[in-house]
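**Q** Listed below are the residues making up each chain.
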Amino acid sequence: MRGVKGLILGVFCAGLTACASAPPTPAMLAANDPYEADNRDMMVFNGKVDRYFVAPTVGIYFVLVPDGGRAAVHRFLNNLTLPTTFVNDVLQGEAQRGRYTLERFVINSTLGLAGFFDPAGSRFSIPAHSEDFGQTLATTFGAKEGPYLILPFLGPSNPRDATGLAVDVAIDPTNFIPFKQHIWWAVGREYSTVLDLRAQTFSTVQGIQRSSVDYYAALRSLYRQIRAKGILNGRPAGADLPDF
Amino acid sequence: MRSALFRAATFTVAFGSLAAAAALAPTPAFAQNAQAANPASAFVNDNMHKGLEILNNKSLSVEQRRVQFEGFLLGLTDMKRIAAFTLGQYRRGASQADQDAFGNAFQNYAVAVYQSYFAKYAGQTLRVVNSQERAPGDFIVTTEMNSPNDRTGQPLEVDFRVRTDGPKPVVVDMSVAGIWLAIEERDQFTSFLGQNNGDIKLLIQYLSDLAKQFK
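Residue numbers (the numbering used here), protein chains in the order written: chain H, 1 to 244; chain Z, 245 to 459.
Derived from the structure by calculation, the hints contain no laboratory data. All residues carry an ideal CB built from backbone N, CA and C; glycine is no exception. Heads up, some of the hints might be wrong.
[Stated by the list, open to error] Pair ranges (Cβ atoms, derived): (1) P242/H with S339/Z: 21 to 29 Å; (2) G59/H with Q439/Z: 43 to 51 Å; (3) D240/H with K302/Z: 50 to 58 Å.
[Stated by the list, open to error] Here are some chain Z residues the structure puts well away from chain H; computed CB gaps all over 12 Å: (4) I298; (5) R405; (6) V416.
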């Protein structure tokens with residue numbers, strides 16, 4: 001899995017260097033999106049991958065797996081991310097959130113049958129959250145997001161979050177568990193994650209496309225806002241909002 | 245990171261549905277004591293009940309409910325102010341006639357989009373949990389929305405930005421899970437205008453066409 005994601009990031013960076021000769025317009029610079037033309041091309045490419053490879057299997061997934069089963073798969077996949085979330089909680093100095101993450105992982109991995117169920121939330125009312133190294137770079141090291149990027153296959157990002165993604169992949173403990181056929185586990189997990197996300201958001205994404213004046217700009221705004229919200233770790237955002 | 249994005253997308257399609265979503269809660273589940281002395285939170289709390297009454301009134305036809313809800317929504321929000329905000333830097337160079345035409349187109353678009361989604365949120369409950377004054381007369385009222393269909397048991401944070409410095413309080417923006425509607429719309433509109441030489445008439449036409457699709 002690390003190899004696959006590393007390759008994607010490497011290819012993207014090489015492509016970005018090659019494409020960076022196109023001068024950005026003032027509007028692109030104002031939006032902190034100097035690679036907008038290349039990003040739009042990449043969004044089209046990702047859209048084709050989605051249309052021809054992902055979306056068809058989402059339909060099959062809906063038919064074969066009932067609603068409750070899809071929810072259990074979502075919980076299982078989410079549980080796998082908790083060790084990485086815990087490391088980032090610690091790196092951000094968020095003791096209470098780290099405790100929540102640890103408790104959720106222990107309880108759901110055992111009583112929750114490897115995370116397919118969520119007794120930590122439903123029985124013990126331990127709140128869930130996610131954390132990643134991109135957020136750690138922002139909160140702990142004060143790193144700025146940098147220009148907006150759309151990564152091949154992976155979607156919206158920026159240099160800070162792409163770096164964070166690489167670190168998260170590198171520290172994911174499931175990558176260090178030695179067993180045969182690890183590649184199939186890695187590929188299966190990644191594909192299941194994509195399938196789960198698309199299944200959850202299928203109609204929603206269609207709705208955004210349908211109601212958007214500029215779908216690209218809508219996604220860019222959504223991405224930036226949700227990342228800014230995540231970095232706040234529950235603190236109010238009032239000071240960061242523009243005046244009306 | 246990716247899940248955060250998609251969750252954002254999930255919650256935001258419904259940007260337009262925020263007020264409707266809040267108003268669709270079948271029972272008045274607002275915390276009566278939450279920031280009761282704060283005019284902004286009291287305003288949000290009270291108006292959500294009014295919206296509830298409209299949407300849960302079975303004696304109204306679908307069309308009557310739509311018309312009443314539109315009136316409720318327009319009375320709650322300052323659409324002109326929101327429209328002006330969403331034009332961003334392009335507002336400065338726009339003629340008054342273009343600004344007025346855009347304000348009308350924006351209102352039709354916003355109402356159409358809001359109403360197209362609100363049925364999805366039937367059965368949800370909302371309660372005011374916090375309020376902060378970020379600047380004089382500029383409040384952020386935080387609420388929690390609980391869905392009976394949500395297996396996570398985690399409430400969805402819905403925030404209302406309320407201005408109280410006018411003749412009456414008005415909502416100028418709403419946020420779901422940290423995503424602010426007006427900011428997202430401004431980002432879209434300014435991007436559109438940037439690609440079309442700042443042609444506001446083109447944006448007006450585009451919004452009008454989109455609004456028709458939702459009606």
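**Q** Holds or violated: the 43 to 51 Å window for the beta-carbon distance between G59/H and Q439/Z?
**A** 34 Å, violated
**Q** V416/Z clear of chain H by more than 12 Å, beta carbon to beta carbon?
**A** 5 Å, violated
**Q** Please test the hint of 21 to 29 Å on the beta carbon pair from P242/H and S339/Z.
**A** 24 Å, holds
**Q** Beyond 12 Å from every chain H Cβ: check whether that's true for R405/Z.
**A** About 7 Å separates R405/Z from the closest Cβ of chain H, which leaves it inside 12 Å; violated.
**Q** Is the nearest CB of chain H more than 12 Å from the CB of I298/Z?
**A** 23 Å, holds
**Q** If you check the beta carbons of D240/H and K302/Z, does the distance land in 50 to 58 Å?
**A** 43 Å, violated
Hints 2, 3, 5 and 6 from the earlier list are contradicted by this structure; the remaining hints agree with it.
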